[in-house]
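Dock chains D and E against chain Y, hints included.
Quick note, the sequences are listed as chains Y, D and E, same order.
Take 112 as the starting number for the first sequence in our numbering and just add one per residue.
Take 47 as the starting number for the second sequence in our numbering and just add one per residue.
Take 6 as the starting number for the third sequence in our numbering and just add one per residue.
By construction, these hints were calculated from the structure, which means they are not laboratory data.
On a predicted model such as this, the values are computed, not experimentally measured, just so you know.
Errors might be hidden in some of the hints.
[Unchecked claim] Simulated pairs of lysine-lysine, DSS-like, Cα-Cα distance not exceeding 25 Å: (1) Lys447/D with Lys113/Y; (2) Lys364/D with Lys447/D; (3) Lys257/Y with Lys438/D.
[Stated by the list, open to error] Beyond 12 Å from chain Y on every Cβ pair, some chain E residues (computed): (4) Ala80; (5) Leu88; (6) Ser93.
Yeah, the Cβ is synthetic: ideal placement off N, Cα and C, and Gly gets one too.
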Amino acid sequence: MKLTLKIWRQSGPEDRGGVVTYPIDGVSEDMSFLEMLDVLNEGLIAEGEEPVAFDSDCREGICGMCGVMINGEAHGPERTTTCQLHMRSFRDGDEIVIEPWRADAFPVIKDLCVDRGAFDRIIQAGGYISANTGSAPDAHATPVPKENADRAFMAAECIGCGACVAACPNASGMLFMGSKITHLGEFPQGQPERDARVMSMTAQHDLEGFGGCTNLGECSRACPKGIPLNVISQMNGDLLRAQRHQA
Amino acid sequence: MTAPLIEGLYREGDPIADTAAPDGPIAEKWTKHQFDNQLVNPANRRKLDVIIVGTGLAGASAGATLGEAGYNVKSFCYQDSPRRAHSIAAQGGINAAKNYKGDGDSIYRLFYDTVKGGDYRSREDNTYRLAEVSADIIDQCVAQGVPFAREYGGLLDNRSFGGVQVSRTFYARGQTGQQLLIGAYQALERQIAAGSVKMYSRHEMLELIVVDGKARGIIARDMVSGEIETHLADAVVLASGGYGNVYFLSTNAMGCNVTASWRAHRKGAYFANPCYTQIHPTCIPVSGEHQSKLTLMSESLRNDGRIWVPKRREDCEKDPRDIPEEDRDYYLERLYPSFGNLVPRDIASRQAKNMCDEGRGVGPKVGDFRRGVYLDFKEAIGRLGEDAVRAKYGNLFDMYKQITGEDPYQVPMRIYPAVHYTMGGLWVDYDLQATIPGLFVAGEANFSDHGANRLGASALMQGLADGYFVLPNTIRNYLADGPYEAIDAKHPAVIEAQDSVENRIQTLLGINGDRSVDSFHKELGHIMWEYCGMERTDEGLRKAIDLIRSLRDEFWRNVRVLGAADTLNQSLEKAGRVADFLELGELMCIDALHRRESCGGHFRAESQTEDGEALRHDDEFLYVGAWEWGGEDGNPVLHKEALEYEFIELKQRSYK
Amino acid sequence: MRTAVRGRARQVSDGGVRPSSTVLTVATSTIAGRQRPKTGSILLKTVMAVTGLIFVGFILAHMYGNLMIFAGREAFNEYAHHLRELGSPMLPEGGFLWIMRITLLVSLVLHAASAFALWARAGKARTVRYVQRKGQWATFVKRSMRWGGAALLIFVVFHILHFTTNTIQIGGNYDNPADRLLNSFGVWWAVLIYLFAVACLGMHLLHGIWSAGMTLGLNTSLDAAERLRLTAILVAVVVVVGFALPPLAIFLGLIP
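Only chain Y is shown next, with the shape it has when bound in the complex (with noise of 0.2 Å):
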């Protein structure tokens, strides 16, 4: 296949940017798609010109580390992480766009990749459940309902990838902080700070400057676990119930 690729270039973070055209020859539909971003950054290497920076590290679609906008969709047109993306999805000929995840949360950092360190700080405000290694009952002392394991368990795929601030038109962060919350909240073990974690970790989401949910539903539709958006609603309704234990 022959492609034209048009790709973000951003020296650092205080460069402006802006999208050089390269074309790529050779891709074969077996590739994936970060492989042939490894061909094209081979060929530049070859002709003197540093390489296009992304992240990926698994490449198996399950660290959340890979990720950026393909023809301005995020993740490209299949619902899986780009990692897991094949050439196949495109035609001979077809020009593709290559961004960065864009939301001002997620600062570039160079090229294609961005500083996600926000979702790392929601995490802190109250995503986890306080237990000190060593204090845990038996593992059998609190059996757990399979239909809120099982939900538990869908809301805890999420990867952290961040398509779902990149799909969003408000660049909202709702999708990723309301699947930690429901995760948590299924759980017998995550009540003691259920009302303490949604209002600590939705007052950091705002601090990071993510914006509000207009429940959209992009998020869902770009997430590669197809985390769905009842977890936003789930978040809200943690929320308002925290309100009114507090008020």
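Chains D and E alone, transformed into the frame defined by chain Y:
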């Protein structure tokens, strides 16, 4: 060095022993040892700095636990967030001797299975301790909200894994590693919020600082700004994972590397059993030269799939559906009638390679070979129905289709072995302390618990056992003697470490040769896979050593690293890692060469039974091979730690 | 390349233990109170949801009233008059109407102010735009909520000037409500303005009711999402049909 050079490659030094190991009955050793280890006054903990490199299961859980205890922890990872560490990719599950199923499991049985699975090349007391703390891990994880699979009664579900006869594996669908890591990550983030852990993400450790024989800090590069930072501490913990990426293609993440361990090795830490690698039989095959990594599929596929290759080479290009039954060679069923497709990982892997080497591999040609064998579900679909197969393996089939573009319900899957896990690693004693005092090594980075082969679902167990329960209780014995003398930033050892890092970076940037870093890495990978992979020969290993040496030589003359040092520079990061792999690769080959026995995950052609099966030599090789760095132009020095089996009787395995 | 030393340059410790009263041993903090923004975005959304639902209630009642025209002029005028006397004698004449008007006005201000605040936040959350953006349904909905909402705001002013204060007179000036209605919707452009407004309202409700349900925590499962979506569609369709019928019927001369 007066010891004679053996085979022109290495010397033999004094034997070593695990002096930290406690005495007494095996079931009481750990309890006794925890009591004997000194405590640190809570008020003193704040004054003690601990550096932890890596945030996988071992690193994150150790960081969280030490932070909770009140130590001053600095945690480092090369990824953009600690949550990305490659423990996240583990699929199957985590073993624990809970005996929730009442099927006769016990600590002793898990211990026994682990030692046996490791082909009698691990330490009894370490392995027993691993089995002993396994149950606590499950309790801890459940308390943190890890969403393990549950039954309708609300209790935890278990499954049997990797051919063991008890159900002791806890799991969270096919994402157990992810869920466990996120649990540990959240505990770590909680300590970051509490101020007891300071997180340095996008930081890579490039050198260990050793002062007066003790590990006292690291040199790390801020991968965003390029700044070379010096971090000092009372103790350094390496939880930096395995080195499977020496093969270039492996199931490891792109960034997994040996640099942290290798830098420590060069500073005096012994590297044990480097040649012990595990090769997983059911990975998705390579599709071309562009391939950047391999993806594993759960071994459970072998429960219902039948493995075959065409009997005739001419048929290899045909559509498999057009090859009649009588022209198919179900080679595992033929060679191992009693176990068939369920033979252990190493056998399934080796035989797949043998078939491909015979020219009967299938799938696209990569180089001169077709590297793949069929895993056929046609019979299972006929027997169970497509829906039942979908219910059992649907997610794996989807993943396969996503990657290969082929529908496994219609066409047989193609699989091929891939490097998956490295049992070898830095040598540690019972306290997880390396040969450099103050340097501790946890998780896959150390060598301790899996012997020559690792059981399925035991990697997660070891990572969390080390991080949550073992290390925090052993490192205190060292820290209790601290705080150690403060080190000045101008200390010669610090300056020396900084200079060596900066010189190395400038050298790499200054070579400006013709070949990219990846091209060297791929070539190294080919050499390692060909000669130091599943089947090793004396001749091949010697050839590999020569090839690696000349490749390393070329690397330092001809590598091209573009860009600058003071910015995000992924080529520079890779160059440093590959440079270390080029040294490690040679040591792995030397270790493999010296170990003239077939054992655990690897097969040595010169050591086989008449039937062509693995033959172990307990009389000669019942020891841990711990290698000391021999200097830039010197030769590595082998120190043997004899393995003593007090409780378990050694047996040869047989799967005929 | 710069070199930095991070790591505490610690003096040799005296090894002494501080008095136990000041020793803070372990870091076991649970979720602590942190800095909070003044108005969280979810709070703004909650305000929008609650005020929006007040409007939905009003609109359904309003629609019911409009449909009285099909019962004839007398019934319609009687209904309009009755509204003024609602609550009497507990309330003075027109009292109920004023309570309602004030409630609606406050709701409107809160609803619009929250919307504008969220709009502004979203703008600040992505100051560098994408070079290419795939046409999204969500983008269309987002714009229809914003611009449709703004259009409704203008329409409401027009509507009050038209029917409530009688400032704008279309098709002649008549004193009773029924005649005003019948004359106005004899004029084609008036019908168009109202139909356009009803369309905007329908779109607004379609997403607005769904969104309010989401914000109030009603969507907690896939089934609940389906119910919520159907409710939104149902209300939107009822409102559009209910409001579009009178002007259309009048214009087509179906009402004498």
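These are the hints, each one checked on the structure:
1. For the suggested pair Lys447/D and Lys113/Y, the alpha carbons sit about 24 Å apart, so the restraint of at most 25 Å is met.
2. For the hint pairing Lys364/D with Lys447/D, the CA-to-CA distance comes to about 20 Å; that is within 25 Å, so the pair holds.
3. For a cut-off of 25 Å, the pair hint linking Lys257/Y to Lys438/D stands: about 19 Å separates their Cα positions.
4. Once the 12 Å rule is applied to beta carbons, Ala80/E is consistent with being away from chain Y; the minimum gap is 40 Å.
5. Every beta carbon of chain Y lies more than 12 Å from that of Leu88/E, the smallest distance being close to 34 Å; the non-interface claim holds.
6. No Cβ of chain Y approaches the Cβ of Ser93/E within 12 Å, the least distance being about 36 Å, so the stated non-interface status holds.
Figure legend: structure checked against the earlier numbered hints; every hint is met.
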